[in-house]
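Participant: Sequence:
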Amino acid sequence: MKKLTLGIDVGGTNIKLGLVNNLGKVVGRTSVSTRPYRHSKNQLLGALLAAVRSLLSEQGLKKENIQGIGIGLPGLVDPVHGVVNFLPNISGWKNVPLKKILETRLGIKTFLENDVNLITLGEWKYGAGRGIKDLVCITLGTGVGGGLIINNQLYRGAGFVAGEIGHMPLNETGPLCGCGGYGCLERYVGNRYVLQKAAKIFHRKNIDFIDIRRFSRQGNPRATLFWREMATHIGNGLAGVVNLLNPARIIIGGGVSNNHKYLFPRIRQVIKQRALKIPASTVKIVRTQLGDDAGIIGAQVLVNHEI
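In this text, residue positions in the sequence shown follow our numbering: the first is 1, and each later residue adds one.
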């Protein structure tokens, strides 16, 4: 049989594992919660290794059937040396030589990457970015991340942190961001912040995007203003990206992209108004196509490139 890639997507609440064939199709999967292990690096590593072995066993596979492991992590990663420099939401993950650990324990070649970069690779090869040589992929959720494909190559930057769109400063006198800066895009459109604002707008202690969509369907004018303001902030941030990189496509993913009906028209309008005419006229704004599998599928693209 042809060898498979094992894709691993480490998130703040769970780890998703998937076996991906050479056509970019997920042919086996499992997941494990990270919540019990958030404060123990060794326990989380143990759970990850157990999940890998369990998945291979369930599928009747041995390590020889796996061409490589691609793992995406939500933090600062050195893909060249295979080191996790820092994971902000999982304790104890500083300067961890994860590539060496996994290769030693599993006997399978392993490659590390930032999680949004893997999503970007997956969408570029098999999803909304197929056939596009210059694109930007952003994820909108608790945080705001980005990945860049320039001339058919993943662009990592000198320190492997290119694409931090969420920390583009929109307003130097704006609110304090978790990164220590002021007025970052993430501070205006990250889930926690926009839902805090929505709670005040709608006078509700607890509110989510499902509630706000329901208000929109009911014709609530406050919902219309909420979406407009959020989309305006996103559009302002992306207008700068459009001017700087002149991408042919911007792919928007993450949970917030489920609200595309309310956000995308205004985002496109703001980009047209704020960006230079030529790059604004050539860029297309689209949703991700691969959904929650994008990172796992992107791992296959990474491994194929590295091996």
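The hints are simulated quantities; they were obtained by calculation from the structure and are not laboratory data. Each hint should be verified, as a subset may be incorrect.
Stated by the list, open to error - Lysine-lysine pairs mimicking DSBU-like chemistry, simulated, CA-CA at most 35 angstroms apart: (1) Lys16 x Lys3; (2) Lys2 x Lys125; (3) Lys16 x Lys94; (4) Lys125 x Lys62; (5) Lys2 x Lys62.
Participant: Each hint needs a verdict: does it hold in this structure or not?
Facilitator: Hint check results:
This hinted pair checks out: Lys16 and Lys3 have alpha carbons roughly 20 angstroms apart, not beyond 35 angstroms. As the CA atoms of Lys2 and Lys125 are separated by approximately 20 angstroms, the hinted pair is consistent with the 35 angstroms bound. Of the pairs offered as hints, the one joining Lys16 and Lys94 holds, with about 21 angstroms between alpha carbons and a cut-off of 35 angstroms not exceeded. Between Lys125 and Lys62 the CA atoms are separated by roughly 27 angstroms; this keeps the pair inside 35 angstroms, and the hint holds.
At most 35 angstroms may separate the alpha-carbon atoms for a hinted pair to count; Lys2 and Lys62 meet this at roughly 13 angstroms.
The structure agrees with every numbered hint stated previously.
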